[in-house]
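There are 2 protein chains.
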Amino acid sequence: MSESVKYVLDESRIPKTWYNLAADLPAPLPPVLHPGTKQPIGPQDLAPLFPMSLIMQEVSTEREIEIPGPVRDIYRQWRPSPLYRARRLEKALDTPAKIYYKYEGVSPAGSHKPNTAVAQAYYNKEAGIQRITTETGAGQWGSSLAFAGALFGIEIKVYMVRVSFNQKPYRRALMESYGATCVASPSMETQSGRAILAQREDHPGSLGIAISEAVEVAAQDPGANYALGSVLNHVLLHQTIIGLEAMEQLELAGDYPDVVVGCTGGGSNFAGIAFPFIGAGLRGGPKPRIVAVEPAACPSLTRGQYAYDFGDTAHLTPLTKMHTLGSTFTPPGFHAGGLRYHGMAPMVSHLKELGLLEAVAYHQLGCFEAGLQFARAEGILPAPEANHAVKGAIEEALKAKRDGTSPVILFNLCGHGHFDMQAYIDYFGGKLVDQDYDEAELAMALSGLPSVHV
Amino acid sequence: MSESVKYVLDESRIPKTWYNLAADLPAPLPPVLHPGTKQPIGPQDLAPLFPMSLIMQEVSTEREIEIPGPVRDIYRQWRPSPLYRARRLEKALDTPAKIYYKYEGVSPAGSHKPNTAVAQAYYNKEAGIQRITTETGAGQWGSSLAFAGALFGIEIKVYMVRVSFNQKPYRRALMESYGATCVASPSMETQSGRAILAQREDHPGSLGIAISEAVEVAAQDPGANYALGSVLNHVLLHQTIIGLEAMEQLELAGDYPDVVVGCTGGGSNFAGIAFPFIGAGLRGGPKPRIVAVEPAACPSLTRGQYAYDFGDTAHLTPLTKMHTLGSTFTPPGFHAGGLRYHGMAPMVSHLKELGLLEAVAYHQLGCFEAGLQFARAEGILPAPEANHAVKGAIEEALKAKRDGTSPVILFNLCGHGHFDMQAYIDYFGGKLVDQDYDEAELAMALSGLPSVHV
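From first to last, the protein sequence lines stand for chains U and S.
The number in this note's numbering is simply the position in the first sequence, starting from 1, with 53 added.
The number in this note's numbering is simply the position in the second sequence, starting from 1, with 53 added.
So that you can see chain U by itself, here it is in the shape it has in the complex (with noise of 0.2 angstroms):
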């Protein structure tokens, strides 16, 4: 048996700092603009929900944000996370192929969040903040932001999408469990929530709601500050300390990678491994294929506009250019919760539009099938989100058999399925099917979309 190999990191290699590929992009991104005026905004627009220093990352162009010491400390419990060389998986795939992992299902919440929801919370604390509200899916990020604030003192209050808050009681109960608050939004706690319901009593929620509650809440209440967990430039920002690590340990293997692949919701995790190798190239260095793996029920990549809109529901947030399907369209309800954004991060909005990054969409059943081949093969059963990644990997790998290549691949395995057996369970019964989103709807979100004229 051709064993599965891990690449570890001696701690004292966690990175010090982030990489910022703002520094190196060859033209900068479209200015974010005040949903009123439409104008573009400056950072004191945004102090009612960040602390400064967030604010001033958003914006930086310094190509290293040093990573605090605290910060640093807490990664330490889990970082650096493992890369693996999946020698069963490209046996079982009998590929010519060589496949790199970065597995972050090892932190305590299970996913790649904690890596920003630790540096928001330290920010966060420093700036005095007592109390932080966001919004969660399937609750990755609203566990993790739980965790990082019970380590740092926070109340944390999470509004939670009411279709997940009834499907999904576990994720619930961990973030209650790290002394968290979780409410099913929408909620009648607010304006946003209230007039939702009045509208429609039993409506399932979505993100683009929840974030209107949690910055509605945050915006009115000076001890508290709102947190966003992708999306934004400093989020993609904390998570380059995944690629960062990845390229170590390359490095350890004697690998460099010729693709890499994420699987992408807001956009996150697939920064977290793609930004380092793509800034690499931008700096004169080995420019490797990247490759977003989307779902093809919430295809924005893909299918989206490139456009100014709204993060929420509401249009309380500021407007960004990103990928969008339009900020009202609500995507089929398929299992990989975290990738049911109508957005996408405007920078890896941007790199699309740079032809840095190509997209893929896939349906849910592919993608649970190589879910289930990798656990298999690996032993690690990947989050439903993750599998997208898995079947983008194999993909190429199967490609790479067909082509008679051997290119190196390394994707981000971004979180484990162990909160996520239900859909398992779901795919087992037969009773997932391939949605489609609905073309109508999509076409009228897209009509609605603000007109802006920068």
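Do not take every clue at face value.
Any copy will do: because identical chains look the same in the list, a pair fits if it lies in one copy or spans two.
What the hints assert, rightly or not - Taking lysine to any residue and the SDA-like style, the derived pairs with C-alpha atoms no more than 20 angstroms apart in a straight line are: (1) Lys-484 / Pro-503; (2) Lys-59 / Asp-126; (3) Lys-178 / Ala-430; (4) Lys-484 / Gly-232; (5) Lys-59 / Val-159; (6) Lys-59 / Gly-122; (7) Lys-452 / Val-413; (8) Lys-484 / Glu-301; (9) Lys-151 / Asp-126; (10) Lys-144 / Gly-206; (11) Lys-59 / Lys-69; (12) Lys-484 / Val-505; (13) Lys-144 / Pro-101; (14) Lys-452 / Asp-487; (15) Lys-59 / Pro-121; (16) Lys-91 / Leu-502.
Read the hints as simulated data drawn from the structure, not as lab findings.
Keeping the supplied structure of chain U fixed, place chain S upon it in accordance with the hints.
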């Protein structure tokens, strides 16, 4: 904020041998007896169930037993597991004690069980075995053997205690994700199962019954063997990698434990952390206090009888001398399924008789409270079984505070609680109570102990 500290070991320092406490025992274990003749059995008597390599480990008195290369290759996927200094918990308790914990939840199945599952699958594969049957309670063992079976290409069939089969569909789904078959026990597939169901159609099952079913099937199928997840000497042997690593990690930390704490169900995770330290003491080294923590509702060490008994309900297994509540004893349905076994590992029982360990029993509410305090301080949510060890360690730390001493406490955090969220939901909802076993039932179970004169 004083940070909790992780002690890692270079992969090259994963132990190359397991430690066999039998080599250092001041008195040998009482013999194992044939269930029919009640005479001591020989290796051949066990051959229908186990490969000869494991049988020889069962009776070996060699101190160091080599870990085969392919087993070490798989261990490397998650080993060495981290040892943490729980500084944040120390601070929360305001204790002068130093608290260290070894964390086995980093394995792909989320507990210590793969340490022996991988070894047992390897030896069975070497012996040409195609199928392994086993039992499981809460499902940690079953899913670990399913994981190991997937890696070695062995079919795994798991008889899962019916009440858990119904209550814990997610553990079952994890086994199925790894390709294993999972059957509710008692089942109609075996004579043992049918006999029980004839008496009571809706029997909730027990570990003892599930063992009977798995043993019966393996004994009748020449291509199949049986595997047990705890209790037996060779299982405890494989778990000693936990304590051996901890010893090296504590050396890095410059400490040696004054107290070693583990939770006990069948005894394997406890043996894993404790045996290397007990052995070092027996060979003239320091003698830490060794504390076994068991559930008050299933208190084999503190309330059981030290006597010959069967390991299963249908009395198919050999007789071993152990602390037992009687093989027909059914504990109340508390939430640490992995600790609901009527017997205790013969070697752990023997140590208790020799005065080499202390045993203490706690009710579940206090254990959940301890587990949540731990989670909010250290960021890891323990399994309900592991909460017993946390409770034991916290009690030691609070005692140190009262006494004004500063002992070094080491405990084993044998698994995470991500599959046990329903237990936490029940706890939060006030649905859990501290159940006691039925004294009359215990008396009846004990009165049925087989009469043996050795």
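Hints, verified against the model:
1. Lys-484 / Pro-503: Answer is neither: 38 angstroms inside a copy and 50 angstroms across each miss the 20 angstroms cutoff.
2. Lys-59 / Asp-126: Between copies only: 9 angstroms across, 23 angstroms inside.
3. Lys-178 / Ala-430: between (43 angstroms within a copy, 16 angstroms between copies)
4. Lys-484 / Gly-232: between (35 angstroms within a copy, 19 angstroms between copies)
5. Lys-59 / Val-159: Close inside one copy (13 angstroms) and across copies (14 angstroms); limit 20 angstroms.
6. Lys-59 / Gly-122: between (27 angstroms within a copy, 15 angstroms between copies)
7. Lys-452 / Val-413: Only inside one copy: Lys-452 and Val-413 sit 14 angstroms apart there, 59 angstroms across copies, limit 20 angstroms.
8. Lys-484 / Glu-301: neither (42 angstroms within a copy, 49 angstroms between copies)
9. Lys-151 / Asp-126: between (33 angstroms within a copy, 19 angstroms between copies)
10. Lys-144 / Gly-206: Answer is between; shortest inter-copy Cα gap is 13 angstroms, intra-copy 47 angstroms.
11. Lys-59 / Lys-69: between (22 angstroms within a copy, 17 angstroms between copies)
12. Lys-484 / Val-505: neither (43 angstroms within a copy, 55 angstroms between copies)
13. Lys-144 / Pro-101: neither (53 angstroms within a copy, 33 angstroms between copies)
14. Lys-452 / Asp-487: Neither: 23 angstroms inside a chain and 58 angstroms across chains, both beyond 20 angstroms.
15. Lys-59 / Pro-121: between (28 angstroms within a copy, 18 angstroms between copies)
16. Lys-91 / Leu-502: Only inside one copy: Lys-91 and Leu-502 sit 13 angstroms apart there, 82 angstroms across copies, limit 20 angstroms.
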